[in-house]
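Sequence lines, in order, name chains A and B.
Its first residue numbered 1, the first sequence is counted upward by one per residue in UniProt numbering.
Its first residue numbered 1, the second sequence is counted upward by one per residue in UniProt numbering.
Because the hints were derived from the structure by calculation, they are not lab data.
Please note: incorrect hints may appear among the correct ones.
Straight-line alpha carbon distances no greater than 20 Å define the calculated DMTMM-like cross-link-like pairs of lysine to aspartate or glutamate that follow [what the hints assert, rightly or not]:
| id | chain 1 | residue 1 | chain 2 | residue 2 |
| --- | --- | --- | --- | --- |
| 1 | A | K59 | B | D438 |
| 2 | B | K217 | A | D291 |
| 3 | A | K12 | A | E43 |
| 4 | B | K295 | A | D273 |
Residues of chain B clear of chain A, computed beta-carbon distances all greater than 12 Å [stated by the list, open to error]:
| id | residue |
| --- | --- |
| 5 | E5 |
| 6 | Q10 |
| 7 | I15 |
| 8 | E26 |
| 9 | V84 |
| 10 | Q176 |
| 11 | E263 |
| 12 | D301 |
| 13 | M302 |
| 14 | G304 |
| 15 | E319 |
| 16 | V366 |
| 17 | H435 |
Every residue gets a Cβ at the ideal spot worked out from N, C-alpha and C, and that includes glycine.
2 protein chains.
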Amino acid sequence: MNYSENIYKQLKEAITDHERILIELEDLHSYSFDASFGSYLPEFVVQVKSAEEVSKVMKIANKEKIPVTPRGNASSLSGGPLPVKGGIVLDVSLWNDELLIDPDDMIAIVSPGVITARIDEAANLYGLMYAPDPSSSNISTIAGNLAENSGGPRGLKYGVTKDYVLGLEVVTPEGQIIRTGGRTVKNVTGYDLTKLIVGSEGTLGVITQAILRLVPKPPSSKTLMTIFDDLVRSGEAISKVLSSGIIPSKIELMDQASIIAVEEYQPLGLPVDAEAILLIELDGHPAAIADEIVKVKEIMDMKGARNTVIAESDAEATELWKARKLVSPAIVRTKPTKISEDATVPRSKIPEFFKRLKEIKIKYGVTLVVFGHAGDGNLHPNIICDKREKEEMIRVEQAVSEIFTAAIELGGTLSGEHGIGTMKASFMELELGEHGVDMMKRIKQAWDPNMIMNPGKIFPEKGQKLVLSE
Amino acid sequence: MNYSENIYKQLKEAITDHERILIELEDLHSYSFDASFGSYLPEFVVQVKSAEEVSKVMKIANKEKIPVTPRGNASSLSGGPLPVKGGIVLDVSLWNDELLIDPDDMIAIVSPGVITARIDEAANLYGLMYAPDPSSSNISTIAGNLAENSGGPRGLKYGVTKDYVLGLEVVTPEGQIIRTGGRTVKNVTGYDLTKLIVGSEGTLGVITQAILRLVPKPPSSKTLMTIFDDLVRSGEAISKVLSSGIIPSKIELMDQASIIAVEEYQPLGLPVDAEAILLIELDGHPAAIADEIVKVKEIMDMKGARNTVIAESDAEATELWKARKLVSPAIVRTKPTKISEDATVPRSKIPEFFKRLKEIKIKYGVTLVVFGHAGDGNLHPNIICDKREKEEMIRVEQAVSEIFTAAIELGGTLSGEHGIGTMKASFMELELGEHGVDMMKRIKQAWDPNMIMNPGKIFPEKGQKLVLSE
Numbered sequence: 001m002n003y004s005e006n007i008y009k010q011l012k013e014a015i016t017d018h019e020r021i022l023i024e025l026e027d028l029h030s031y032s033f034d035a036s037f038g039s040y041l042p043e044f045v046v047q048v049k050s051a052e053e054v055s056k057v058m059k060i061a062n063k064e065k066i067p068v069t070p071r072g073n074a075s076s077l078s079g080g081p082l083p084v085k086g087g088i089v090l091d092v093s094l095w096n097d098e099l100l101i102d103p104d105d106m107i108a109i110v111s112p113g114v115i116t117a118r119i120d121e122a123a124n125l126y127g128l129m130y131a132p133d134p135s136s137s138n139i140s141t142i143a144g145n146l147a148e149n150s151g152g153p154r155g156l157k158y159g160v161t162k163d164y165v166l167g168l169e170v171v172t173p174e175g176q177i178i179r180t181g182g183r184t185v186k187n188v189t190g191y192d193l194t195k196l197i198v199g200s201e202g203t204l205g206v207i208t209q210a211i212l213r214l215v216p217k218p219p220s221s222k223t224l225m226t227i228f229d230d231l232v233r234s235g236e237a238i239s240k241v242l243s244s245g246i247i248p249s250k251i252e253l254m255d256q257a258s259i260i261a262v263e264e265y266q267p268l269g270l271p272v273d274a275e276a277i278l279l280i281e282l283d284g285h286p287a288a289i290a291d292e293i294v295k296v297k298e299i300m301d302m303k304g305a306r307n308t309v310i311a312e313s314d315a316e317a318t319e320l321w322k323a324r325k326l327v328s329p330a331i332v333r334t335k336p337t338k339i340s341e342d343a344t345v346p347r348s349k350i351p352e353f354f355k356r357l358k359e360i361k362i363k364y365g366v367t368l369v370v371f372g373h374a375g376d377g378n379l380h381p382n383i384i385c386d387k388r389e390k391e392e393m394i395r396v397e398q399a400v401s402e403i404f405t406a407a408i409e410l411g412g413t414l415s416g417e418h419g420i421g422t423m424k425a426s427f428m429e430l431e432l433g434e435h436g437v438d439m440m441k442r443i444k445q446a447w448d449p450n451m452i453m454n455p456g457k458i459f460p461e462k463g464q465k466l467v468l469s470e
Numbered sequence: 001m002n003y004s005e006n007i008y009k010q011l012k013e014a015i016t017d018h019e020r021i022l023i024e025l026e027d028l029h030s031y032s033f034d035a036s037f038g039s040y041l042p043e044f045v046v047q048v049k050s051a052e053e054v055s056k057v058m059k060i061a062n063k064e065k066i067p068v069t070p071r072g073n074a075s076s077l078s079g080g081p082l083p084v085k086g087g088i089v090l091d092v093s094l095w096n097d098e099l100l101i102d103p104d105d106m107i108a109i110v111s112p113g114v115i116t117a118r119i120d121e122a123a124n125l126y127g128l129m130y131a132p133d134p135s136s137s138n139i140s141t142i143a144g145n146l147a148e149n150s151g152g153p154r155g156l157k158y159g160v161t162k163d164y165v166l167g168l169e170v171v172t173p174e175g176q177i178i179r180t181g182g183r184t185v186k187n188v189t190g191y192d193l194t195k196l197i198v199g200s201e202g203t204l205g206v207i208t209q210a211i212l213r214l215v216p217k218p219p220s221s222k223t224l225m226t227i228f229d230d231l232v233r234s235g236e237a238i239s240k241v242l243s244s245g246i247i248p249s250k251i252e253l254m255d256q257a258s259i260i261a262v263e264e265y266q267p268l269g270l271p272v273d274a275e276a277i278l279l280i281e282l283d284g285h286p287a288a289i290a291d292e293i294v295k296v297k298e299i300m301d302m303k304g305a306r307n308t309v310i311a312e313s314d315a316e317a318t319e320l321w322k323a324r325k326l327v328s329p330a331i332v333r334t335k336p337t338k339i340s341e342d343a344t345v346p347r348s349k350i351p352e353f354f355k356r357l358k359e360i361k362i363k364y365g366v367t368l369v370v371f372g373h374a375g376d377g378n379l380h381p382n383i384i385c386d387k388r389e390k391e392e393m394i395r396v397e398q399a400v401s402e403i404f405t406a407a408i409e410l411g412g413t414l415s416g417e418h419g420i421g422t423m424k425a426s427f428m429e430l431e432l433g434e435h436g437v438d439m440m441k442r443i444k445q446a447w448d449p450n451m452i453m454n455p456g457k458i459f460p461e462k463g464q465k466l467v468l469s470e
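In isolation and in its complexed conformation, chain A is listed as follows (with noise of 0.2 Å):
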């Protein structure tokens, strides 16, 4: 038995629902993995389902001093929900009962485990949306997107999760039950732990209820898509539309490595000889939309486009969606590892980090396929391996390496929405110096004074390098 009995006896004190205190191997194992790369096993499984049972946990953590991480569906693609020092494992998947939508104040009340396109689908129902729409929406539950700041391809207009998060519920790391924020859309009452708190991958606290911030849903959408020959060219495009004044709801951008991984996957009639194709929505009033989506098209004639087609109805823009949404599935058929990154360039950089990501796929060898939200610069170079290769796992560390340092060269950061967790932290320094790594650790020590809350996340330990050969 690899469990502390005395914890144990603690913790069914704390929970009286015992089956929801998981100790056998095999349900261990399922705690041991996310989407990214790594397993690590827990001691316990404790599938919380009230801020009073939370509060009860870190306590006897606290006391204790045992690592616990906060996990919801580990749909995280950067380590977050990773045990990587053992001890408890905070389930809030079961959670899932309040999803509460107040259309007068247009704001959602949710409990951590509630899954993130129920959010949205609920807020439909009264003319609302809920903006932030990460690539797992079907599976991640809102407190990972809330601990990681999800992004996703709506982004560019609408932002990321912070920018909708208006109040929280959390439990801090010594078990203290607060509230942040509140329901209001303004509030300048001391420092914003809300937003201190999203994005800080579950090392500062519980979150067990957030007041989400809903907009009102668009009327009406319209999806282009466009071929360039010439990649550069197609990043051109992309800043003539912005700085026409025309801000799409999504600037989605495929390169040839993913067309062809398509094509090969299901054939959709994609020119694999392309460079890019770029997917453009634009959302808003009817009447606008028609006069923009003209405008944006005649921008890519301009700058040079092969091709562009304006689907006429919402089942050929869902056809001409198909192509991007299949990039996933296709490109990890021909090796079983996708390391899977969000380095994050400015806008303008978008040419020169391209030239730069062919210039690492040669150098090391590796198979590299980029993708992405070009509009904002937050481009997913993915690099396709089997980790069981030791040697190309090298190859590929190394290159992963040179992403990062290219990206922060070029003015960007090392993640723009997947957060840092065990993948990046060794790249921390490199951005922020170290002064600026000591102000964020401060904080975490100031809450954290035992260090028990998800350990092993964003801060590197003494020397630590990125390690993908196991």
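With chain A's structure known, arrange chain B on it following the hints.
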């Protein structure tokens, strides 16, 4: 002589241009007040012009444990730039030489002393806009806006200052120069220090540069003025507009006391018997807003507006807005002291908040005028009084206390856009609870162990009460 020779000597070593160190009483007096309440003399004023100078001053202050209060143009309504514990005022208002617009990345890079309105003007040359529009934008410095997280009428559609800050350069209380965030719209690399510092009222460090997000300038706008006999109906009309999927750029409200004050000050033909005037501005695509303004008028008619006028030209729109712009000068005509609050409630609670304000006005016999940003629940209850009248000011203190209590009871917050400063510190626990305030204090202590950065703000001292009667 009120100052320490030892400190003066060190400051002169740090700032080679000694004319930027002020110690004469007449100069110090100019730095003793802001647009709120109270007057406090500093010992030194240092007019800084670089991060290196700020770093040197902070290192001296930290070593000698002297308070430092950063200051822009002191248009604060909550006491942010008041040197309540004396010490050094760091004046950034001369440091206005950097104002770069990068139209490709849609960002502005500014030094702290740049006047807010200049940023928008510079962005306009590229068809872009700096969205936050605090009423003091022609006077206020961007650093002051950043410190207080200023709002403004456009907040309804565009949000507040914080929503437009991508990155900062900050000098920590111990004198280290750090960078937070960057040039990208998406960034989840570690804790969000940018959004922690914005709105922290100069208590966590000195902002020495900001990278601001710009948006396309909307191609057109439309203004509508509507008159309601019944304040509650005007609130219902606002809710109906917002739930119909239309987000105006501004919804401003004037209550009857504001209407009367304006008419007495400068007759515009406003109906002094009406309970509310709403001014609504739409911006965006001309076809969209031409359609939407008609829908807004229909909603006003349906909700029983006495009269609704749509401005047919920009000149007519300016004329309609004149009423709102005259409120502030009009209301201070009768008495010299204006206690301007910004207690904010959830939108649906506006009618109830108005009822409570009316009761408070009668109970304490104070002159209460209410106007402001009704669309987001951020109203400005202003009490017009005379600070030399001790008995009156005690009633004002009690009325202000009850206004805060009412806002919090209705699920609102002490401050929507002015900040806590000295004025609201004693009410912090009422809203946040003991543990909520404690978690904020921990950050303050971890960043500023000698508690030298803008002391006396945000956090109440033991037993502190609001005192307006001098």
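To see whether the hints hold, each was checked on the structure:
The hinted pair formed by K59 of chain A and D438 of chain B meets the criterion: a straight-line CA distance of about 17 Å does not exceed 20 Å. Pair hint K217 of chain B plus D291 of chain A holds up; C-alpha atoms about 17 Å apart against a cutoff of 20 Å. Distance hint between K12 of chain A and E43 of chain A is fulfilled; the C-alpha atoms sit about 14 Å from each other, no more than 20 Å. A C-alpha spacing of about 49 Å is found between K295 of chain B and D273 of chain A, which places the hinted pair above 20 Å, so the restraint is violated.
No Cβ of chain A approaches the Cβ of E5 of chain B within 12 Å, the least distance being about 32 Å, so the stated non-interface status holds. In this structure Q10 of chain B is separated from chain A by more than 12 Å, as the shortest Cβ-Cβ distance comes to about 22 Å. With a least beta-carbon separation of about 23 Å from chain A, I15 of chain B lies farther than 12 Å from that chain, consistent with its non-interface assignment. Remark: the non-interface label on E26 of chain B is consistent with the geometry, its nearest Cβ contact in chain A lying 34 Å away (cut-off 12 Å).
Chain A leaves V84 of chain B outside its interface by the beta-carbon criterion, the shortest separation being 17 Å against a cut-off of 12 Å. Against chain A, the non-interface label of Q176 of chain B is violated: not every CB pair exceeds 12 Å, the least being about 4 Å. Distance check on E263 of chain B: its Cβ is at least 29 Å (rounded) from any Cβ of chain A, clearing the 12 Å threshold; non-interface status holds. Against chain A, the non-interface label of D301 of chain B holds: every CB pair exceeds 12 Å, the least being about 21 Å.
With a closest Cβ-Cβ approach of about 17 Å to chain A, M302 of chain B is found to remain outside the 12 Å limit, as its non-interface label requires. Separation of G304 of chain B from chain A is adequate, the least Cβ-Cβ distance of about 19 Å exceeding the 12 Å criterion. The claim that E319 of chain B is not at the interface with chain A holds, since no C-beta of that chain comes within 12 Å of its own (minimum 27 Å). Consistency note on V366 of chain B: stated as away from chain A, and its beta-carbon is indeed over 12 Å from all of that chain's, at 23 Å minimum.
Its closest Cβ contact with chain A, about 4 Å, brings H435 of chain B to no more than 12 Å, contrary to its assignment away from the interface.
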